[in-house]
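*Asks:* Protein sequences, first through last, are from chains A and B. Positions 1 to 326 (this note's numbering) are the ones given, in order, by the first sequence. Positions 1001 to 1262 (this note's numbering) are the ones given, in order, by the second sequence.
Heads up, none of these hints are tricks.
Just a sample of chain A residues kept apart from chain B, beta carbon distances all over 10 Å, derived:
#1 Ala-28
#2 Ala-69
#3 Gly-129
#4 Gly-216
#5 Gly-217
#6 Ala-244
List time: in silico DSS-like cross-link candidates among lysine-lysine, alpha-carbon distance up to 30 Å:
#7 A/Lys-284 x A/Lys-299
#8 B/Lys-1023 x A/Lys-284
#9 A/Lys-18 x A/Lys-284
#10 B/Lys-1023 x A/Lys-299
#11 A/Lys-321 x A/Lys-17
#12 B/Lys-1023 x B/Lys-1071
#13 B/Lys-1106 x B/Lys-1054
#14 B/Lys-1023 x A/Lys-147
#15 B/Lys-1106 x B/Lys-1071
Keep in mind that the hints were calculated from the coordinates and are not lab data. If you're wondering where the values come from, they're calculated on a predicted model, not measured in any experiment. In this text, a Cβ means the ideal position worked out from N, Cα and C, and glycines have one as well.
Below are the chains, spelled out letter by letter.
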Amino acid sequence: MGNNVLVIAEQRDGVLKKVTFEALGAGAQLAAALGGQVEAALLGNGLGNLPDILARYGAAKVYVADDPALARYSAEGYTNTLAAFLGKVEPAIVLVGATALGKDLAPRLAARLGVGLACDCTALEIADGRLVATRPIYAGKALARVKLNGDPQIATLRPNVLPVPEPATEARAVVEPVVAAAGNIRARVVDIIGAGEGEVDVAEANIIVSGGRGVGGPEGFAPIRSLARTLKAAVGASRAAVDAGWIEHSHQVGQTGKTVTPNLYIACGISGAIQHLAGMKTSKVIVAINKDPEAPIFKVANYGIVGDLFTVVPLLEKEFKALLSE
Amino acid sequence: MNSIVCLKEVPDTETRIEVRGGKIVEEGIQYVVNPYDEFALEEALRWQEAHGGKVTLISLGPERARESILKGLAMGADEVYHLSDPAFLGGDAYATAQALAAAIRKLGEYDVIFCGKQAVDDDNAAVGAMLAEMLDLPHVSVVTRLELAADGRSVRAEREIEGGREVVETPLPAVLTAQKGLNEPRYPSFKGIRQARSKPFTTWTPGDVGLDPGTVGAAGARLETIEILPPPERPAGRIVPGEPEEAAREVVRLLREEARVI
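So here's chain A without its partners, still in its complex pose:
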């Protein structure tokens, strides 16, 4: 077993995900502690200059599997390809983003290799030559510090938590082509349906404007959507609003929705049920607007405004607009 850390890069339509850079940054620190280097695996078709971008963010080497069979992600195609060359490369640690892709791929790959998996980690360190990962459990109501037996040690990394390393202005990747052993892919992606025009997904957003029971109905989301547009933010929702049918589940933040870590979370008309707080409490800054001064959301909010969201949210938007136009 080597001392290197391998990051499985994630790209869709030729664009690398930010969490890939976060993983390269984390990987570089782990590799330094192990006396090795951070490398990347890049799978897809027609990958252009992506290896050089990975090199700028720290990848000492990029293993590239470029093949039409890998044009679209599939758990089986990726697992077959990765498993075929991981045996030769023997990284100590494999990292991938805890995204829709990473969460789908990593368990399949771990099972193929007969190893365990640390999922959705928020901190990674080396102790006695082994990976120690911190991961939220119970949607963040507790944290588990875990280690893995067996090699490689595979972890998925929660997006938006660790910093993106400062990229080098110029770097040429050391590319090592690998065989795209996609094999027999049974579950195939046949189409991708995008979300609404210009909508930002809550899982990836830097800013989230979220509505709860207090919005009162589907049309009550109008001022929230409007503020979100102004801030280029994602629209979030509490379980109460989703269960009432006012907004789609893909917007739900909390224990049966998404766990999010934006820079700014603006909670509008959300009381702050325990399962909602679990999903957004690690936001860097929280603003809460609620009519009820006793609402639990104010206990986690950096800044609270006691008032009617239908009055306050448009006023906030006006102020943000003035600020952003400066």
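Starting from the structure of chain A, add chain B where the hints point.
*Replies:* Okay, now just chain B, sitting in the frame of chain A:
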């Protein structure tokens, strides 16, 4: 159309989780069926209503989980296999998937395996895909929409991705993991609750599924928990006072000048 549904008992999402001495305090926790497993079971029941066949539950967990499993039977599942031997406990996703795979191999005939997309306690979201790999089946995870082909031999599934959905086609048998939104799980009827206790309920040990007790549960886990910690407390915030106009202006100023996030 014979379905297998994997079901786990978990703490209710409204339960407060308390950490003491590096562990979760178990007293006072209210347990329920993992919410995502209810979507999985509901889908299996709808397929049964439309196409016939049997719905079999498999659950790995302590004796305590019996009440939650009975809820699955009350919703309409036909039978249950409970991997309830103490040796099965304390495992990770890998050990759990391995035990479920062994049980499913023993059951033999099935057309589809439904799981919840993740259990809301350990939050791994890993067992479904691991199980598929161990059984050499395809899988589709985080499914929000599902259509069975007319010949009953493949499905078209939509799965949630960032900013959209992937449409995935796969032949059956396959492992499908259910996301909220796939359906609206039913409540058990009075008749269902009455019948649940007389439905076949089989308890299996590691030996019953051909596994050595020394390789399952905590002994078979690849992931070891060192300790459990409470999450860091957020520093106390403050209410920004004043008329709405004033408060809004002040909050935006604070976000720029103090928090520096805008």
